[in-house]
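K.L.:
Protein chains in written order, with numbering that gives the first Met the number 0: chain A, 0 to 72; chain B, 0 to 208.
Just to be clear, a hint being listed does not mean it is correct.
[What the hints assert, rightly or not] SDA-like, lysine to any residue: derived pairs with alpha carbons at most 25 Å apart: (1) A:46 with B:112; (2) A:46 with A:31; (3) A:22 with B:102; (4) A:44 with B:186; (5) A:44 with B:116; (6) B:208 with B:44.
It is worth saying that the hints were derived from the structure and are not from the lab. For clarity, every value in this text was computed on a predicted model and none was experimentally measured.
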Amino acid sequence: MATTNKVFIQIDDERIELTGADKEAFLADREATAKASTLLEAEYKAKQDARESAIKKLAEIAGLTKEELASIL
Amino acid sequence: MATTSNYGWTTPDDSSLVKDGASAIRTLGSAIDTSLNTALGTKKAGMVLLNTTSFSAVASQSINDVFSATYDNYRIVLDFSNANAGSALLTARLRVSGADNSTANYQTQYINAGSTTVSGARSTGATSWTLAATTNTNIRSQVIADISNPFLTQVTAAISTANDSYNSASQQFSLYSYSFNATTSFTGFSIIASTSNITGTVSVYGYNK
Chain A
0 MATTNKVFIQ
10 IDDERIELTG
20 ADKEAFLADR
30 EATAKASTLL
40 EAEYKAKQDA
50 RESAIKKLAE
60 IAGLTKEELA
70 SIL
Chain B
0 MATTSNYGWT
10 TPDDSSLVKD
20 GASAIRTLGS
30 AIDTSLNTAL
40 GTKKAGMVLL
50 NTTSFSAVAS
60 QSINDVFSAT
70 YDNYRIVLDF
80 SNANAGSALL
90 TARLRVSGAD
100 NSTANYQTQY
110 INAGSTTVSG
120 ARSTGATSWT
130 LAATTNTNIR
140 SQVIADISNP
150 FLTQVTAAIS
160 TANDSYNSAS
170 QQFSLYSYSF
180 NATTSFTGFS
190 IIASTSNITG
200 TVSVYGYNK
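Could you build the full structure based on these sequences and the hints that come with them?
P.N.:
Here it is in C-alpha cells:
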C-alpha cells in the first residue's frame, strides 16, 4: 500500500497507524466535518450576498448611495 | 571566600574545612532565600509549560492530561505545516478519558482577512472547532489559543488567532471565538487535519491562578 494511503494519528508521543474499521471511521468523520464546514461558509456567503443585493436595491429606491444607506442601517 | 558570579552568594573555598560544611550550607541557603524573596516575594511564575509535543505526517494529534484543577486557563501554541495540496481545515476537539468528544456542542465564530477581503461565519451545533484553514502544499500556519475552564464542569470557552499560510503569498489572518456548550470536564484535546497530514509542534501552558 502506498504511503499516501496510510493514516497515522499521534496520541501524546506515540504514533499509531489506523487500519480497518478505525481508519474508515476516521476518514468518514473528517470528511463529514469538512463538508459541514464548507456548507456553513457557503450559507454565510449566500446570506451576505443577499444582504448586499438588498442594500443595493434599497439604496436605488431611496436615492442614496450604498455607503450612505449602509451607514444608516 | 568564594562567591557566585551573579548574586555574590558565599560558597566554601576548595580549601575550606569539611567541619565547616553545615555552616557554609546554612549561609548559602539564607542568602538564596533573601535574594529570591527580594526578587519575587510570594509571587509565582505566571505561565507554566505543561507539555510540548512534536508530530510528523499525522492526520491528527491528541494531547492527554494537560488540563487539571491546578489551572483554570491555558494557552496553546501550535505551529504546523500541511503535506498535501488543496484547501485543508485544521479542527480541534476536546478530550477526556483518552477519547475525543464529538458531540454537537461546538460553536465557532470567526472573522478572516485574506488580502482586502474580510469575511466571517458562525457555526453552532458542530462536532469540532475550526482552528485554521490552509491551501497548497507545505504551507505553514501558526495558531495561538487561550482556553478557559476546560477542566471545570462549566461551559468551556476559547479564543484563538491563526496566522494562516504565513510562509506564502496566500497569508491570511483569522480570529476565532469558541465555546463548548455543555459542562463536561476535559483533560486534553485533539487537533485534526481535514484532508491532509500535518507536521509541527504544539505546546500547552497553564496560567497560574
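K.L.:
Look at each hint and say if it fits the structure.
P.N.:
Right, here's what the structure says about each hint:
1. Taking the CA atoms of residue 46 of chain A and residue 112 of chain B, the gap is about 18 Å. The hint holds against a cut of 25 Å.
2. With a C-alpha separation of about 23 Å, the suggested pairing of residue 46 of chain A with residue 31 of chain A holds against the 25 Å cut-off.
3. The straight-line distance between the Cα atoms of residue 22 of chain A and residue 102 of chain B is roughly 20 Å, inside the 25 Å bound, and the hint therefore holds.
4. Taken as a hint, the residue 44 of chain A and residue 186 of chain B pair is broken in the structure, with Cα atoms around 36 Å apart against an allowance of 25 Å.
5. Between residue 44 of chain A and residue 116 of chain B the CA atoms are separated by roughly 12 Å; this keeps the pair inside 25 Å, and the hint holds.
6. For the hint linking residue 208 of chain B to residue 44 of chain B, the alpha-carbon distance of about 10 Å falls within 25 Å, and the restraint holds.
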